[in-house]
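A.B. asks: Now for the letters of each chain:
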Amino acid sequence: MNAYLPEFFLVVMAFSMLAYVVMDGFDLGVGILLRRADALEKDTMVASIGPFWDANETWLVLGVGILLTVFPRAHGEILGALYLPVALMLIGLTLRGVAFDFRAKVKAERKDLWDQLFYAGSLLTALAQGFMLGMHIVGYYYSIANVAFAAFIGCALASGYVLLGACWLIMKTEGALQAKARHWATHALGLTGLGVAAVSVVTPMVSARIFERWFGLRELFLWAPIPLLTLVLFGMCAWRLERLKTASATRLKSSNPAWHGAWQPFACAVGIFCLAFIGLAYSLFPYLVVDKITIWQAATSTDAMRLIALGALISMPATLAYTVFSYRVFWGKAQPLSYS
Amino acid sequence: MDALVLARAQFAANISFHILFPTISIALAWLLVFFKFRETRSKNAVAWQALYGFWVKVFALCFALGVTSGITMSFQFGTNWPGYMNTVGNVAGPLLAYEVMTAFFLEASFLGVMLFGRSRVSNRVHTGATLLVAIGTTLSAFWILALNSWMHTPTGHVVKTVAGVTTVDVVSWWAVIFNPSFPYRLSHMLCASVLTVAFLVIGLSAYRLLKKDSKPEAKLGLVVGLVIAAVAAPAQIFLGDLHGLNTLKHQPAKIAAIEAVWDTQNGAALTLFGIPDERTRSTHFAVEIPKLAALVLTHELEGEIKGLNDFAQHPPVKPLFFGFRIMVGIGVLMLACAWFGTFLLVRKRAMPVWFLRVLVAMTFAGWVAVLAGWYVTEIGRQPWLVQGILTTAQAASQTVTGGQIGLTLALYLSLYLALIAAFVRTLFYLAKKAVQGDLPSLDTEVSPETAEDGP
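Protein chains in written order, with the numbering used here: chain A, 1 to 340; chain B, 1001 to 1455.
I should point out that these hints are in silico values taken from the structure, not numbers from a laboratory.
This one's a predicted model, so the numbers in the text were calculated from it and none came from an experiment.
From the three backbone atoms N, C-alpha and C, an ideal C-beta is built for every residue, glycine too.
Where hints are given, some of them may not hold.
[What the hints assert, rightly or not] What follows is a set of in silico ranges between Cβ atoms, one per label pair, in the way DEER data are often shown:
| no. | chain 1 | residue 1 | chain 2 | residue 2 | range |
| --- | --- | --- | --- | --- | --- |
| 1 | B | Phe1311 | A | Ala145 | 48 to 58 Å |
| 2 | A | Ala145 | B | Pro1183 | 48 to 58 Å |
| 3 | B | Val1046 | A | Ala39 | 24 to 34 Å |
[To be verified] Capping the alpha-carbon separation at 25 Å, the derived lysine-lysine pairs in DSS-like fashion look like this:
| no. | chain 1 | residue 1 | chain 2 | residue 2 |
| --- | --- | --- | --- | --- |
| 4 | B | Lys1433 | A | Lys107 |
| 5 | B | Lys1432 | B | Lys1212 |
| 6 | B | Lys1318 | B | Lys1219 |
| 7 | B | Lys1318 | B | Lys1160 |
| 8 | B | Lys1215 | B | Lys1432 |
| 9 | B | Lys1249 | A | Lys107 |
| 10 | A | Lys107 | B | Lys1215 |
| 11 | A | Lys107 | B | Lys1318 |
| 12 | A | Lys107 | B | Lys1212 |
| 13 | B | Lys1318 | B | Lys1249 |
[What the hints assert, rightly or not] Just some of the chain B residues that point at chain A, by a computed CB distance under 8 Å:
| no. | residue |
| --- | --- |
| 14 | Leu1061 |
| 15 | Pro1082 |
| 16 | Gly1093 |
| 17 | Phe1110 |
| 18 | Leu1210 |
| 19 | Lys1212 |
| 20 | Leu1411 |
Given these sequences and hints, build the entire structure.
C.D. replies: Written as structure tokens, this is what we have:
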């Protein structure tokens, strides 16, 4: 049991990071889209993520917390190399998080300013996270080509978050806003796809080890389903979005105006993120810093890991239960947020 | 400036900004539980409900500011102080991890239900969610103060050095968590949170009364705040005294710097005011009360206090000397206000306008005292980061340059100052709006001008 503690924590950390990317991903996507909506729609959009964003963000704290407490040697190395983008991301997260609350409480004429900050904070966070992902893939080596690649991944991740956010809005809203969200989602698909493609092409080029993992004779057949399935999901997402367009054209006449497939684009988008994440995890394992620091080199003492593992085994199921509870309470189409 | 000074300034800026908000949310969460309890049990349900409705908004703001600045800290532990986790990670790691796993998820998950779930769940579930958030904030304080106290008074561990690399191993978790200064620091901080919130409630209620608010909750808020403060202020002085005695035992150099006692002496005088000078090793313009320092610190008139000159190294004297006097000064002022206010309440006399104005001025007094107190205790540990084990300089990053730290420090500082200003303004704006009786469910409100569609 003790021998597998680093692997156990890698799984917990990876799960937290994936949970963060998907769940705060749609929050940030909604934030980026905020600028394109009118005042009433803005309130609905914020209401659709209002009860969740705080808990969603906590997954980032858990992921980074495990990196800090279980893999301390890698935490210093990674965050030292990403110092400026991390600082920009933190400023973005701060702006987004506080704008959430300020926008609803300040004088009416100042609300617009906080909405702008909400948008700017969400966009800055998404770009910085994508840039960090790009630099992580190329092993933190700052060359012009690498920085350009990372900057592109920044834009692509922001686009991926917009896809998640727009699909979330399709699920949580109705009418004109839902139609707009469908339009946004369709537009975000392309750049998201390019980003996934760029990561898939560049990652094997960075290291011969990773190349072998994907293009070895046996591996090619074993792992080919991942990129293929990703492709299928992109196609399905586009198809379901198209279907929604025709559905919304006809449903005005029908007696049942709600479209029951509103969850499908979101499910496809989440699937795309999960598959991309699994592919990346397969490429990088067991390294925390590409071909430099493994999980075993970075791990803290066995005693500390055992104690944290005990806590994780007790608290993670509880956390999942709270999350399910909270999503169930606010299930269905977004309602106006009210403290009473 | 060199990278170490900048790294310290950056971390200090961040942690100072951060602590302002948990200081409010810890006690405010429990106050909200109390409001909910009174709402269901008292005849005056409407006023209690109005109090809950007002203060839950303040809580939401504080929580958002506390969470976002807390996330920043979880990154800066690694970026600014990589040597910290590498050396004492076996202690700090599990404590920080337990804070995230037991406290953060609890409070963050139930916050949504607490803030926006009132119409979606039963009243009992809503009260339960509020209670769980309160438990979460307090648990969070428990873990983080256990770690902080261990850094001042480390016990329950062994230090080992292999090939020039020093690490600590835990022998007893009980001794690590319940280290000698922990009970005092935890109770002192929790009481500080209660006092800060009490004066926040008093200040904004007084502001509403000055604006001629006739609704019962304005008066009720003032009464609740004054009664809490009247009990908490003397309790805090008592707890502070215990904490001071504990510090004298474990970190005597800190006490010597606080009191600016230069030479070891029996029956030391208490310096009320003066300007300590480390170059001349003396205090200029000192106003002293004979024997009082010895009496306060050793509880004996002729007790011995070890002077700064007898320590091989000691923390900087000026910030400790002044920080301590600011903290105690505000504490005494709080006690006076709380008791005078309670006296007026008991005698059923009207609050004079001048007194209400003083109370408004004291709205954020708790913040100043808390910051001053934390500066005293944290600067008082220097040059150590973990007393006797790791110095601050050893823990600093060797990879991040001063330029990067300086640039981000400037960004963080301007952001934090703007946010503090926005927070204070918004609180008074909410109070003003409450006076006008125009407090709709604010999140549904739409701004009058319609934002145009984006490009």
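A.B. asks: Taking the hints in turn, state whether each one holds.
C.D. replies: Do the hints match the structure? See the list:
1. Our hint of 48 to 58 Å for Phe1311 (chain B) and Ala145 (chain A) holds, since their Cβ atoms are close to 56 Å apart.
2. Our hint of 48 to 58 Å for Ala145 (chain A) and Pro1183 (chain B) holds, since their Cβ atoms are close to 57 Å apart.
3. Checking the proposed 24 to 34 Å range against Val1046 (chain B) and Ala39 (chain A) shows it holds: the Cβ atoms sit about 32 Å from each other.
4. Of the pairs offered as hints, the one joining Lys1433 (chain B) and Lys107 (chain A) holds, with about 9 Å between alpha carbons and a cut-off of 25 Å not exceeded.
5. Simply put, Lys1432 (chain B) and Lys1212 (chain B) have alpha-carbon atoms about 10 Å apart, close enough for the 25 Å limit, and the pair holds.
6. Of the pairs offered as hints, the one joining Lys1318 (chain B) and Lys1219 (chain B) is violated, with about 42 Å between alpha carbons and a cut-off of 25 Å exceeded.
7. Using a Cα cut-off of 25 Å, the hinted pair Lys1318 (chain B) and Lys1160 (chain B) is violated, with the two alpha carbons roughly 35 Å apart.
8. The straight-line distance between the Cα atoms of Lys1215 (chain B) and Lys1432 (chain B) is roughly 13 Å, inside the 25 Å bound, and the hint therefore holds.
9. As the CA atoms of Lys1249 (chain B) and Lys107 (chain A) are separated by approximately 52 Å, the hinted pair breaks the 25 Å bound.
10. Using a Cα cut-off of 25 Å, the hinted pair Lys107 (chain A) and Lys1215 (chain B) holds, with the two alpha carbons roughly 22 Å apart.
11. This hinted pair does not check out: Lys107 (chain A) and Lys1318 (chain B) have alpha carbons roughly 42 Å apart, beyond 25 Å.
12. Distance restraint check for Lys107 (chain A) and Lys1212 (chain B): the Cα-Cα separation of roughly 21 Å lies within the 25 Å cut-off, and the hinted pair is therefore satisfied.
13. Of the pairs offered as hints, the one joining Lys1318 (chain B) and Lys1249 (chain B) holds, with about 22 Å between alpha carbons and a cut-off of 25 Å not exceeded.
14. Among the interface hints, the one on Leu1061 (chain B) holds; its C-beta lies about 5 Å from the nearest C-beta in chain A, closer than the 8 Å criterion.
15. The closest approach between the C-beta of Pro1082 (chain B) and any C-beta of chain A is roughly 3 Å, which is under the 8 Å cut-off, so the hint is satisfied.
16. The restraint placing Gly1093 (chain B) at the interface with chain A holds, with a minimum CB-CB distance near 3 Å, inside the 8 Å limit.
17. A hinted interface residue such as Phe1110 (chain B) counts as satisfied when its beta carbon comes closer than 8 Å to some beta carbon of chain A; here the least separation is about 7 Å, so the hint holds.
18. Restraint check, Leu1210 (chain B) versus chain A: the minimum CB separation of about 20 Å is more than 8 Å; hint violated.
19. Below 8 Å, beta-carbon pairs count as interface contacts, and Lys1212 (chain B) has none with chain A, the closest being about 21 Å; its hint is therefore violated.
20. The closest approach between the C-beta of Leu1411 (chain B) and any C-beta of chain A is roughly 6 Å, which is under the 8 Å cut-off, so the hint is satisfied.
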